[in-house]
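This is what each chain is made of:
There are 2 protein chains.
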Amino acid sequence: MELVGVDLEERSYEIKIGAGLLANLGQSLIDLDIKAGTKILIITDKRVNDLYGSEINQRLEETDFEFKIIVVPEGEKSKSLNMTKVLYDEAVDFGLDRSSLIIAFGGGVIGDLAGFIAATYMRGVPFIQIPTTLLAQVDSSVGGKTAVNHEAGKNLIGAFYQPELVLIDLEVLNTLDQRDVRSGLAEVIKYGVIWDKEFFNYLQANHKEIKELDLDVLAKVIQRSCQIKAEVVAKDEKELGLRAILNYGHTIGHAIEALAGYGEYRHGEAVAIGMISAMELAYKLDMVTKEEVEAQTELINNFGLPTTINKLRLDQIISKTKQDKKVKDGEVNFILPNSIGEVEIVSGVKNEVLTEVLAKQLR
Amino acid sequence: MELVGVDLEERSYEIKIGAGLLANLGQSLIDLDIKAGTKILIITDKRVNDLYGSEINQRLEETDFEFKIIVVPEGEKSKSLNMTKVLYDEAVDFGLDRSSLIIAFGGGVIGDLAGFIAATYMRGVPFIQIPTTLLAQVDSSVGGKTAVNHEAGKNLIGAFYQPELVLIDLEVLNTLDQRDVRSGLAEVIKYGVIWDKEFFNYLQANHKEIKELDLDVLAKVIQRSCQIKAEVVAKDEKELGLRAILNYGHTIGHAIEALAGYGEYRHGEAVAIGMISAMELAYKLDMVTKEEVEAQTELINNFGLPTTINKLRLDQIISKTKQDKKVKDGEVNFILPNSIGEVEIVSGVKNEVLTEVLAKQLR
Ligand SMILES: NC(=O)c1ccc[n+]([C@@H]2O[C@H](COP(=O)([O-])OP(=O)(O)OC[C@H]3O[C@@H](n4cnc5c(N)ncnc54)[C@H](O)[C@@H]3O)[C@@H](O)[C@H]2O)c1
Ligand SMILES: NC(=O)c1ccc[n+]([C@@H]2O[C@H](COP(=O)([O-])OP(=O)(O)OC[C@H]3O[C@@H](n4cnc5c(N)ncnc54)[C@H](O)[C@@H]3O)[C@@H](O)[C@H]2O)c1
Ligand SMILES: [Zn+2]
Ligand SMILES: [Zn+2]
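Which chain is which? The protein sequence lines are A and B, in order. Those letters in the first sequence? Residues 1 to 363, per UniProt numbering, in order. Those letters in the second sequence? Residues 1 to 363, per UniProt numbering, in order.
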């Protein structure tokens, strides 16, 4: 088992990474000093429950905790204010209180939704993330961002709220759709580009093993991804500055995701396209070499992720980019590489340059 | 003008107290480094808006900020999930973003509601409290508790979220109902009993001036109340321990409020009754003297607050007390005085003792 610490003073916690960790769920709870008799509300989605609900059930039956599993429909639609109402009611029914525990058991949708409930039920209930998609394991379960969507924007309602533990079982990835695996890999590439050239090279050298979900390589990849995210979050928990670099590839990515309709692109697919745009912008601004542009494109290709934009219009993408909630005072900030392994925040990118770059990606 | 600091590391802020501060609202915003052009969403209720809306409007017209005033119906009913939905929509419509500002302008209902919106819109927007009831000025606007109600319980959905500034204008108290003034005074008495015997004596010595809203005495009373709350909150922001002492009188108080139906008793009236119960419990447990019991009863009487319980049944009150959300692991904790000026948390108070005490208060 690998351990990664997230260092946030009194809100610090550990990420446990390993194959088969779910089997020891009871022990992990005891290690956290969760007392016998504690009420545990597990929030999961239909698909994850069909696959792993009985295992969770069995593991918790073996313990002295009182638990209840709530299953919501799978997909982004469950990240809604309406669903929070349903979950608050369920929590009340179950008699959840501040000394209880909430477990998010699923992908990023469940993590964000259950995390928001944990953040706001009785002003905060302890909670644990058990991420079951690669994207959730390397990204959304770490760092304390929780949210639901609003018609006007994704993640518009939310809170910063840290879990007590993140428990990553590599084995659950075996049932994941290929597209969801790839989606997670986009975020992994992101960590290499923004923070760690050596890691980027490791991904390139091991891309076959990674795609085949080789457990040893995967453990290393997830661990390093979590480390990088944890390091950035520790320095800027509330996204006042540095944390913005985690949005590398996301400015264009979010615009594409929103325009195509959520669900059309997986999040990571849109991010991959956005990373291509960002690297190209950096190239136009003389920040990176042609070789660096090509290295990133090659890795994105090797992971089977898209690089071009289908069916969207250029002016739509540009105007959507300017509505991003990270836009401060009307100015779009781009996270652009200085080299592979380092990014900076660049403001005032000219419309012409952006247009030229995006035009090349349009199909 | 009096200043009280709330010391919470990077979340620290100031409380400004004085007569006529509203007239300088623009300057207060500039002092906070709010930039020209910033969008400001003011949330208030019907009554406060009728009384002070035009003044706020005028003060903000004089500035370079872009603002919008949203008026919700007055009363506890507005502290609902449904109302949060309305306010999120208004915020989106207005184009509020993370660099904007929310101002809560009203009593505790508005502070709690607007604070919750500020805590959860885009994972947190800066906000300012301008409390206009005495209760809000001495209690709810300070300390970062925000919340809305759920059918199953008051303040069941909420967050800890600190304002950037609390601006207390004493003059607005002149339009407050007598009952609302008294309600705030119950919390003031509470601070004396839990923390500061000298302050308790000052209240006793000046009870006439206080009831007449003498500005000099009032400034002192509000300042000391805020100081005490700030001190307790600074030591225990998230209510893991010490902060519970602010619930002196509230265990029974909340039960009575809920049973009678919110609105029947003002919050402070219920708390006054609860403080009588708590002091009496402390007396039965040999923690305080007969003189101390009488001193508190006298002050509560002098402020015109109730001491007895009407129209409720004993068994109802006791069972409701046990449902309080502060109950951990089924055990009711009481905050009881050791003397006037000091309290401790006492668990395992016997049912018989509680019954005996409450029976004496029932009418
Ligand atoms: N909080 C953050 O920091 C953060 C960061 C990135 C993304 N996100 C959010 O994460 C969400 C996307 O996450 P996601 O991609 O995990 O989506 P998801 O949770 O919808 O999971 C994708 C699909 O995989 C299924 N699934 C989950 N685990 C499985 C398993 N082990 N085997 C088989 N199927 C499984 C789910 O049922 C779902 O159908 C978005 O809402 C995004 O906003 C949040
Ligand atoms: N967050 C906390 O720490 C905390 C602490 C204590 C109480 N509270 C909450 O505070 C709420 C009660 O606060 P409240 O008593 O201020 O109630 P409130 O906000 O409903 O105000 C009481 C009434 O006074 C009116 N009013 C407000 N200012 C006025 C003024 N200057 N002149 C004339 N009328 C005015 C309001 O319109 C309302 O009708 C409850 O919801 C309670 O849960 C929160
Ligand atoms: Zn992402
Ligand atoms: Zn109170």
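Incorrect hints may have been included.
Below are the SDA-like pairs computed for lysine to any residue, each with C-alpha atoms no more than 25 Å apart in a straight line [what the hints assert, rightly or not]:
#1 B:LYS39 to B:ARG98
#2 B:LYS238 to A:ASP33
#3 B:LYS154 to A:ASP33
One-sided excerpt, in silico: chain B residues whose CB lies under 10 Å from chain A [claimed, not checked]:
#4 SER28
#5 ALA91
#6 ALA147
Have a look at the derived ranges for each label pair, beta carbon to beta carbon [stated by the list, open to error]:
#7 A:VAL353 to B:THR175: 38 to 44 Å
#8 A:GLU90 to B:THR297: 54 to 60 Å
#9 B:THR355 to A:ALA36: 28 to 34 Å
#10 A:LEU314 to B:ASP50: 23 to 29 Å
#11 A:ALA36 to B:SER319: 23 to 29 Å
#12 B:GLU171 to A:GLY75: 50 to 56 Å
#13 B:ILE69 to A:ASP7: 39 to 45 Å
#14 A:ASN82 to B:ARG98: 23 to 29 Å
Hint data in this document are derived by calculation from the structure and do not stem from the laboratory. Glycine included, C-beta positions come from ideal geometry on N, C-alpha and C.
These are the hints, each one checked on the structure:
1. The suggested pairing of LYS39 (chain B) with ARG98 (chain B) holds, with an alpha-carbon distance near 10 Å, which does not exceed 25 Å.
2. A hinted pair counts as satisfied when its Cα atoms are at most 25 Å apart, and LYS238 (chain B) with ASP33 (chain A) qualifies at roughly 19 Å.
3. Straight-line distance between C-alpha atoms of LYS154 (chain B) and ASP33 (chain A) comes to about 29 Å, which puts the hinted pair past the 25 Å bound.
4. Because the smallest distance between the Cβ of SER28 (chain B) and any Cβ of chain A comes to about 22 Å, over 10 Å, the interface hint for this residue is violated.
5. Annotation: interface hint on ALA91 (chain B) holds; nearest CB of chain A at approximately 9 Å, less than 10 Å.
6. Against a cut-off of 10 Å between C-beta atoms, the interface hint on ALA147 (chain B) holds, since the closest Cβ of chain A lies about 7 Å away.
7. The beta-carbon spacing between VAL353 (chain A) and THR175 (chain B), approximately 58 Å, falls outside the hinted interval of 38 to 44 Å.
8. Taking the beta carbon of each, GLU90 (chain A) and THR297 (chain B) are about 44 Å apart, not inside 54 to 60 Å as hinted.
9. Taking the beta carbon of each, THR355 (chain B) and ALA36 (chain A) are about 31 Å apart, inside 28 to 34 Å as hinted.
10. Distance hint for LEU314 (chain A) and ASP50 (chain B): a CB-CB separation of about 51 Å, inconsistent with the stated range 23 to 29 Å.
11. Our hint of 23 to 29 Å for ALA36 (chain A) and SER319 (chain B) holds, since their Cβ atoms are close to 25 Å apart.
12. Checked against the given bound of 50 to 56 Å, the beta carbons of GLU171 (chain B) and GLY75 (chain A), roughly 54 Å apart, stay inside it.
13. The hinted range of 39 to 45 Å is satisfied by ILE69 (chain B) and ASP7 (chain A), whose Cβ atoms lie roughly 43 Å apart.
14. Distance hint check: the CB atoms of ASN82 (chain A) and ARG98 (chain B) are about 25 Å apart, consistent with the given range 23 to 29 Å.
Against the hints set out earlier in the document, violations occur for numbers 3, 4, 7, 8, 10.
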